[in-house]
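Visitor: What follows is each chain in one-letter form.
There are 2 protein chains.
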Amino acid sequence: MSFSPLVERLMESLRVLPGVGPKTAQRMAMHLLERDRDGGRRLAAVLEQAIDQVGYCRRCRTLTEEEVCALCTSARRDDSLLCVVESPADQLAIEEAGGYRGRYFVLHGHLSPLDGIGPEDIGLDQLEARIAEGGISEVILATNPTVEGEATAHYIAAQLSPHGVTLSRLAYGVPMGGELEYVDGGTLSRAFNGRLPFRGD
Amino acid sequence: MSFSPLVERLMESLRVLPGVGPKTAQRMAMHLLERDRDGGRRLAAVLEQAIDQVGYCRRCRTLTEEEVCALCTSARRDDSLLCVVESPADQLAIEEAGGYRGRYFVLHGHLSPLDGIGPEDIGLDQLEARIAEGGISEVILATNPTVEGEATAHYIAAQLSPHGVTLSRLAYGVPMGGELEYVDGGTLSRAFNGRLPFRGD
Ligand SMILES: [Zn+2]
Ligand SMILES: [Zn+2]
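Chains as they are written, first to last, in UniProt numbering: chain A, 1 to 201; chain B, 1 to 201.
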């Protein structure tokens, strides 16, 4: 015996969530069906809507349901600074740390030749076009302090160096091998202030 | 700054899931939007369908999208035994332990006067009607070995005693204060075999 086919399918579907194994999926399915159907219905509707409507900002590629995101539209940001991050979560972590007032560019990943992820997949053609527009004096390469993040930063530095912008990288206040998203705000903030000139060689 | 309104709403909606705090909700939302939109779309569809279609079996009250569940329909179960459990998860745990071949009745909770949960809310009128039909010789009160589960078992025993059925309760192989759902199959199976006569006073 198991649960009914539809309940089993619900448990199976919940396992797309990160960190959710069979036992947790069962607990979640039972909670939704036994105790919070309204919440479950709302989750289903919002999830469907988000997947349909949330795309990439045309300018910075962060996740947004608008053509251009609120941060790109804001008149109160410094147009001469551009911070390149791997993910929207990294962007949010930097914003929450405070102190940075420039713009962003979101890669949604890093270069990974073995997985077939090349420069266009992470928007580097679009990034270069944006630098070519002019007006940006410094690009902060805030990719993760991991092997792949470093390699991606070096690739971008080589690509952008003909454009004569200053390149910098976060100071190593951030722990090696870690992910920006999980760094506390104080450390991130200090790393921003202590950012170093970056040579892409 | 935060994520876009729709992404924020998605994170908020994910928090209906048990054990999901703000950080986990963010990780889940990012995973679905950045890496598994197909899985997310499937989850939304199945969740909506399950909430719309899964109700209680007319006979045993377990969760099912059918009028009467597969176990109630099965010709291979012993009609003379009825096992009363608090939840579909408890029912599944007993089935997975193996050995029991009778029918079930699912309360979806226990008596809890302070929360306004009385006998009708856990289907006790329906349970008594089923016993009154005749054909059941023994009712196994497999409510959780908690204070509320014990109180509910005593209430049911008092209610059913005029009907002259044998009442039993799982042997205390199950740990006091625990929940059946999390008991290993071997312990559950032994507790079933060692079940004791139950007096509801
Ligand atoms: Zn933008
Ligand atoms: Zn049934």
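Treat the hints with care, since some could be wrong.
Given that identical chains are not distinguished, each listed pair holds provided it fits within a single copy or across any two copies.
Derived lysine to any residue pairs resembling SDA-like cross-links, with alpha carbons at most 25 Å apart [as the list claims (entries may be wrong)]: (1) K23 <-> E96; (2) K23 <-> R41; (3) K23 <-> D184; (4) K23 <-> A93; (5) K23 <-> R35; (6) K23 <-> D38; (7) K23 <-> P5; (8) K23 <-> A75; (9) K23 <-> S2; (10) K23 <-> E8; (11) K23 <-> L6; (12) K23 <-> S80.
Rather than coming from a laboratory, the hints here were simulated on the basis of the structure.
Visitor: Going through the numbered hints above, which ones does this structure break? Give me the numbers in ascending order.
Guide: Of the numbered hints, 8, 12 do not hold.
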